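Here is how the chains run, residue by residue.
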Amino acid sequence: MTAAVSTAAARDTAGPGGQPHHHRRRWTRYLLPAYSWLVIAYLVFPIAVMVLYSFNKVTTGLPQVSFAWNGFTTQWYREWSSIPQLTSSFWLSVRLALASTVLATIVGTLLALALVRYRPPRFRGKGFIEQVMFLNIAAPEIVLGASLLGLFVTINVARGFATLLLAHVAFSIAYVVVTVRARLAGFDRSLEEAAQDLGANAWVTFRKVTLPLIFPGILAGALMAFALSIDDFVTSNFVSGAAVPFPVWVYGATRIGIPPQVFVFGSAIFAVGILCALASIVVARRQA
Amino acid sequence: MEQPVLADHPGLVTRRRDRRPRLGRALAPYLLSLPAGLWLLVLFLVPLVVMLSLSLQSCNTATGACVMTWHWAEFGQQLSLYHSQFITSFYFAGAATVIDLIVSFPIAYWIAFYGGRKKNFFLLMLLVPFFVSFVIRTVVWEFILSDQGIILGNLKNAHLLPQNFHVLATGYAVVAGLAYNYLPFTALPLYVAIERIDKRVLDAAYDLYANRRQAFLKVILPLTVPGLFAAFLLTFIPALGDYVNQQILGGTNNTMIGTVIQNAFLTNLDYAGGSALSAILMAIALIGIFAYARLLGSRTIEEYL
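Quick mapping for you: the protein sequence lines, in order, are chains A and B. So the first sequence is numbered by the numbering used here: it starts at 1 and just counts up by one. So the second sequence is numbered by the numbering used here: it starts at 1001 and just counts up by one.
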């Protein structure tokens, strides 16, 4: 090997400037990986506890997860729906997240298309819209939730599914736009022009050329919107009223004690989320 | 769009262009942004204005009915009532942010420089808390840190801790919860910033006889300043307004401002007071947000999400 190649190889494998000091500081090479794995373990630890204790037997008779390990059981998975309010709040959250995802993804994708394709002077106000989105993302969520409740109180709208949906779409749009726009950046517009030159009208061009090309971006945006919605507590707590979404129910119920079913739902959502993340990585890789 | 080459073939090109109405083409960007724009206007900007207006009104806390009285003193009154909760929020959110920056910098650095082909796996590992609901993971920490829980209970049974030792209901539990819940918000921007560093700049530093310490302090750290700022903003502002961690893990003597706002709106029906406190919180956040937009540009936040 020539000196240049070996230096390049060492740089790629050993990282920045490791070469000159390696013989002296060999043990420190393990410091960073060991530390990083410790942090990962710390991040995973509560999730592991949750999954483990969703299989824990309860001996007290009270519907509460007990701290002591009483033995393995799948009882709580079999009785996952035995707390009616919990189950109904969960399905409410699923319906809400689906509706919010569809709406936020459609309006967000349209806005992303506008922001990617047009600039001033053809698109006046572009900078303003970008600043509003930035503000929306950076503002504390409690302010968004409280101000929405203030609006609904002022115009005297009853809180329920509709207000939840309005609020969830409102906080998802900016994230959808950012996600879709990131994937639109490398879009080759000459493909659309080719389709139009071949006689396709605007709609056919969009459906047959534009949409398939930007689909991974839209999918990523939709997953983001779904995750934001199903996980949201702060805004939902302000605008939910009589319709209680899953996180709000859990928050209220756990003031008394944690029913094992909460850990079951948590584990199930975790599994589905990880599967979706892997699926979206696979889709993105295949498209790329 | 209007390329000179196309103009050479007027028959072919103008026929296609003409099928789309001129007005429609001019309106296209506005039509595309109309639904989302309206949504953000009515359900984000208007509520902020309503919040400001509500904080100047006088509300009947029994019925929740409000009348505009231009009561500017509301802000001062709320601040004097709840300044200690504001200070607690700053203190807890600041501590959690500093902890997160210190904890996540090395791992972001490691993934960016040494992640190799497993980068995506490690990034997914950083994001793993997000796959469990925010409320549930906070509840799990409550479970883990309970007085007779799986850690403290066992340590007490082994007589390594006194029986009255507790973590829950203390500020430490709140800071720990905040630090855990917002760690990915810190780690990802840092990763993006470090990943973006041109590795040849480091080689140049070593060629100019920098040692590892100097290369880190004079090359890597300055280049990650935008990422550090983004990480700070994306961690500190949400943590400042957080009340879930405080309510689940904290006690009554370490109330944060989010709890006060929530109680004002949902328990006491004090919309004026709650709005005034929210407006103050938003004003504090805006200082950071504007500073960020001024220094780095508002669009750069997208790169760190």
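Rather than coming from a laboratory, the hints here were simulated on the basis of the structure. Values in this document were obtained by computation on a predicted structure and should not be read as measured data. The beta carbon of each residue, even a glycine, is placed where N, CA and C say it ideally should be. Mixed in with the good hints, there may be bad ones.
What follows is a set of in silico ranges between Cβ atoms, one per label pair, in the way DEER data are often shown [to be verified]:
hint : chain 1 : residue 1 : chain 2 : residue 2 : range
1    : B       : LEU1266   : A       : ASN70     : 43 to 51 Å
2    : B       : LEU1052   : A       : LEU198    : 20 to 28 Å
3    : B       : GLN1148   : A       : LEU98     : 14 to 22 Å
4    : B       : LEU1052   : A       : LEU52     : 42 to 50 Å
5    : B       : LEU1052   : A       : LEU211    : 25 to 33 Å
6    : B       : THR1170   : A       : ILE256    : 20 to 28 Å
7    : B       : LEU1079   : A       : ALA268    : 40 to 48 Å
8    : A       : LEU275    : B       : PHE1090   : 33 to 41 Å
Covered stretches of chain A, going by a simulated chain B footprint (3 or more residues, C-beta under 8 Å) [said to hold, decoys possible]:
hint : segment
9    : 106-112
10   : 251-258
Against the structure, the hints:
1. LEU1266/B with ASN70/A: 43 to 51 Å: Given a distance of about 37 Å, which is not inside 43 to 51 Å, the answer is violated.
2. LEU1052/B with LEU198/A: 20 to 28 Å: At 54 Å between Cβs, range violated.
3. GLN1148/B with LEU98/A: 14 to 22 Å: For LEU98/A against GLN1148/B, whose Cβ atoms are near 40 Å apart, the range 14 to 22 Å is violated.
4. LEU1052/B with LEU52/A: 42 to 50 Å: Cβ of LEU1052/B to Cβ of LEU52/A: about 48 Å, so the range 42 to 50 Å holds.
5. LEU1052/B with LEU211/A: 25 to 33 Å: 41 Å, violated
6. THR1170/B with ILE256/A: 20 to 28 Å: At roughly 21 Å between Cβ atoms, ILE256/A and THR1170/B fall inside 20 to 28 Å, so the hint holds.
7. LEU1079/B with ALA268/A: 40 to 48 Å: Roughly 45 Å apart at Cβ, these two residues keep to the hinted range, so it holds.
8. LEU275/A with PHE1090/B: 33 to 41 Å: 40 Å, holds
9. 106-112: holds (count 5)
10. 251-258: holds (count 3)
The structure fails hints 1, 2, 3 and 5 (numbered hints given earlier, in ascending order).
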